[in-house]
Amino acid sequence: MIYRNKIWIYLVALFTVMSSCKKDFFDLTPYDALPVDGAIKSDADLNVMLNGMYASLRSVNLYGRTLPVKGDLAADNIYLKSNNSGRYLEFRDYNQTVANGDALGVWNSAYAAIKDANTVINAGLDPTPVIDQLKGEAYAVRALMHFELVRNFAKPYTVDPNGLGVPIVTSFEQTSRPARNTISEVYAQIISDLNEAYTRMTFNQGESIPISASGSSRVLTSAYMTKYAAKALLAKVYLHMGNWEEAKNAALDVVTNSGFSMVSSTGYVGYWNNPANRTDRIETLFEVSSDAAANLSSNSLSNFYDLAGYGDAWVTNELYDQYRAGDIRLDVIEVSTTALPGETVYLVTKYPNTTNPADKDDTKVLRYADVLLILAEAYARLGTEDDARMRLNQVAQSREPGFAGYNSSGTQLINDIIGERRKELAFEGDRYWDLMRLNLPITNHTVSQHPLIILPIEVDNFRRVYPIPQSELDANENIRGQQNSGY
58 MIYRNKIWIY
68 LVALFTVMSS
78 CKKDFFDLTP
88 YDALPVDGAI
98 KSDADLNVML
108 NGMYASLRSV
118 NLYGRTLPVK
128 GDLAADNIYL
138 KSNNSGRYLE
148 FRDYNQTVAN
158 GDALGVWNSA
168 YAAIKDANTV
178 INAGLDPTPV
188 IDQLKGEAYA
198 VRALMHFELV
208 RNFAKPYTVD
218 PNGLGVPIVT
228 SFEQTSRPAR
238 NTISEVYAQI
248 ISDLNEAYTR
258 MTFNQGESIP
268 ISASGSSRVL
278 TSAYMTKYAA
288 KALLAKVYLH
298 MGNWEEAKNA
308 ALDVVTNSGF
318 SMVSSTGYVG
328 YWNNPANRTD
338 RIETLFEVSS
348 DAAANLSSNS
358 LSNFYDLAGY
368 GDAWVTNELY
378 DQYRAGDIRL
388 DVIEVSTTAL
398 PGETVYLVTK
408 YPNTTNPADK
418 DDTKVLRYAD
428 VLLILAEAYA
438 RLGTEDDARM
448 RLNQVAQSRE
458 PGFAGYNSSG
468 TQLINDIIGE
478 RRKELAFEGD
488 RYWDLMRLNL
498 PITNHTVSQH
508 PLIILPIEVD
518 NFRRVYPIPQ
528 SELDANENIR
538 GQQNSGY
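When you read off a place in the sequence shown, starting at 1, and then add 57, the result is the number in the numbering used here.
Just so you know, the hints here were simulated from the structure itself, not pulled from any lab data. Accuracy of the hints is not assured; some may be wrong.
[Unchecked claim] Simulated restraints, written as ranges between beta carbons of each label pair: (1) S139 to G327: 31 to 39 angstroms; (2) K98 to T227: 16 to 24 angstroms; (3) V504 to D217: 23 to 31 angstroms; (4) G543 to Q469: 45 to 53 angstroms.
[Stated by the list, open to error] Pairs of lysine to aspartate or glutamate, EDC-like flavour, derived with a Cα cap of 16 angstroms: (5) K480 to D378; (6) K480 to E375; (7) K127 to D491; (8) K480 to E400; (9) K127 to D150; (10) K138 to D150; (11) K480 to D388; (12) K98 to E242; (13) K127 to E147; (14) K138 to E400; (15) K480 to E391; (16) K98 to D150; (17) K127 to E485; (18) K480 to D491.
All values derive from a computational prediction rather than experimental measurement. Quick reminder that beta carbons are idealized off the backbone N, C-alpha and C, glycines included.
Generate coordinates for the entire structure from the input sequences, incorporating the hints supplied.
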């Protein structure tokens, strides 16, 4: 949809989306905008719009907090303490309705980011290596947002590829009210966008992009999409589709050609303690950046976990028990006997920079360890078990020095890979989506601490998928009869 041939000034757009949470996203109208004609004349103008797109990902409804929290809280990695701040209670209890504000926030904010990406993609500038790079980044972000939307608001591809997905939006037209595309159509668009991104982008992390119109340059840190970040995301998309051959090919391209490596065992804690964006191609392929000036303050992910903030969520005992003594990942889980007098509880300390005046924690979206585990699972599913064990142990032995390594095969090897994914990607919003794509029940979902309640969430529980927001149904006649089953 095209907003009356206008481009939003980013801050106005963000304010509009956040203050219009009860409006249909596709019905939003900008109150202040620049006409497209003459608004984007150069790579410098395009870069400004691109920065707005990246800033939109920082929304509390996206990677600022909700997406990473949901991926662990709706699964079996964390639980809300009894005296919590009241956030995400419907996630925890699996009783969300069509009026759920968190679902609406994800819907609106993701489509707002897609709008920003489309503005860059559809800008009528002659191609140059820099223009192609900038547009390639936008293609990658558009794919990422459609991926998050289809995961949250539709059944897994592995369960029902022909079911209803989400509207695919590649341009904006004021009168358009799109219906839901099928899940397979959405995934096809995501794959197309990521392949386009990979082809267009030629600059890699750590390199400088010359912005000719302004005479400046932009260093490609981990806060920007790059060629191999797009390919890593493509590997993850294929993983969620159960397309093992293509998942292997995409992950192997990253491993072989990107120049990325895992953070060392001695550098692991420092990796999480240092919030600065990276240029060294160590571990972080893509992250959503926050800094001293641009952050969510008390609404941040770090504040959600840190006892100095809300300290709302603690680590489940069952997850903590998965780690063996000597595993360096235990160093980002604090054992506390004071947070709850008389009991031992486990605190998330992956995001420690709540009070750092110079910088704030970034949200990791794509990491190299994840790519290695995708490759391991793809190899295992394809029957290439020696290669699967090699990649699995590359992660496990790095995180647990002295560990002899896995020597399993068959179903046990796959279970070991899934278990390693859980330990490696804990508190990064990944666990729930592994359980969803594998169509597994959530057998240790903890809904409260006092008294301790373990609520099994079976695979047929309709609330494992978000409802389409009621405000969207009210405003969009083409989606009105397409609510998810059960709501």
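So, going through the hints one by one against the coordinates:
1. Checked against the hint of 31 to 39 angstroms, the C-beta distance between S139 and G327 comes to roughly 34 angstroms, which is consistent with it.
2. Distance hint check: the CB atoms of K98 and T227 are about 23 angstroms apart, consistent with the given range 16 to 24 angstroms.
3. Taking 23 to 31 angstroms as the suggested C-beta distance range, the pair V504 and D217 conforms, at roughly 27 angstroms.
4. For G543 paired with Q469, a C-beta distance near 35 angstroms fails the hint of 45 to 53 angstroms.
5. For the proposed pair K480 and D378, the alpha carbon gap of about 10 angstroms is at most 16 angstroms, so the pair holds.
6. With a CA separation close to 11 angstroms, the supplied pair K480 and E375 stays within the 16 angstroms bound.
7. Between K127 and D491 the alpha-carbon distance is near 13 angstroms, which keeps this suggested pair within the 16 angstroms criterion.
8. Of the supplied pair hints, the one linking K480 and E400 is violated, its CA atoms being roughly 23 angstroms apart against a limit of 16 angstroms.
9. Proximity of K127 to D150 is assessed by CA-CA distance (about 12 angstroms); at most 16 angstroms being required, the pair is judged to hold.
10. Restraint check for K138 and D150: satisfied, since their Cα atoms lie roughly 13 angstroms apart, inside the 16 angstroms limit.
11. Straight-line distance between C-alpha atoms of K480 and D388 comes to about 12 angstroms, which keeps the hinted pair within the 16 angstroms bound.
12. At roughly 33 angstroms between alpha-carbon atoms, K98 and E242 are farther apart than 16 angstroms, so this suggested pair is violated.
13. Distance check on the hinted pair: K127 and E147 sit about 11 angstroms apart at the alpha-carbon level, within 16 angstroms; holds.
14. With a CA separation close to 13 angstroms, the supplied pair K138 and E400 stays within the 16 angstroms bound.
15. In summary, the hint linking K480 to E391 is supported, as the alpha carbons are separated by about 15 angstroms, within the 16 angstroms threshold.
16. For the given pair, K98 sits about 50 angstroms from D150 by alpha-carbon distance, which is inconsistent with the 16 angstroms threshold.
17. Taking the CA atoms of K127 and E485, the gap is near 9 angstroms; set against the 16 angstroms cutoff, the hint holds.
18. For the hint pairing K480 with D491, the CA-to-CA distance comes to about 12 angstroms; that is within 16 angstroms, so the pair holds.
This entry does not satisfy hints 4, 8, 12, 16, going by the numbered hints stated previously.
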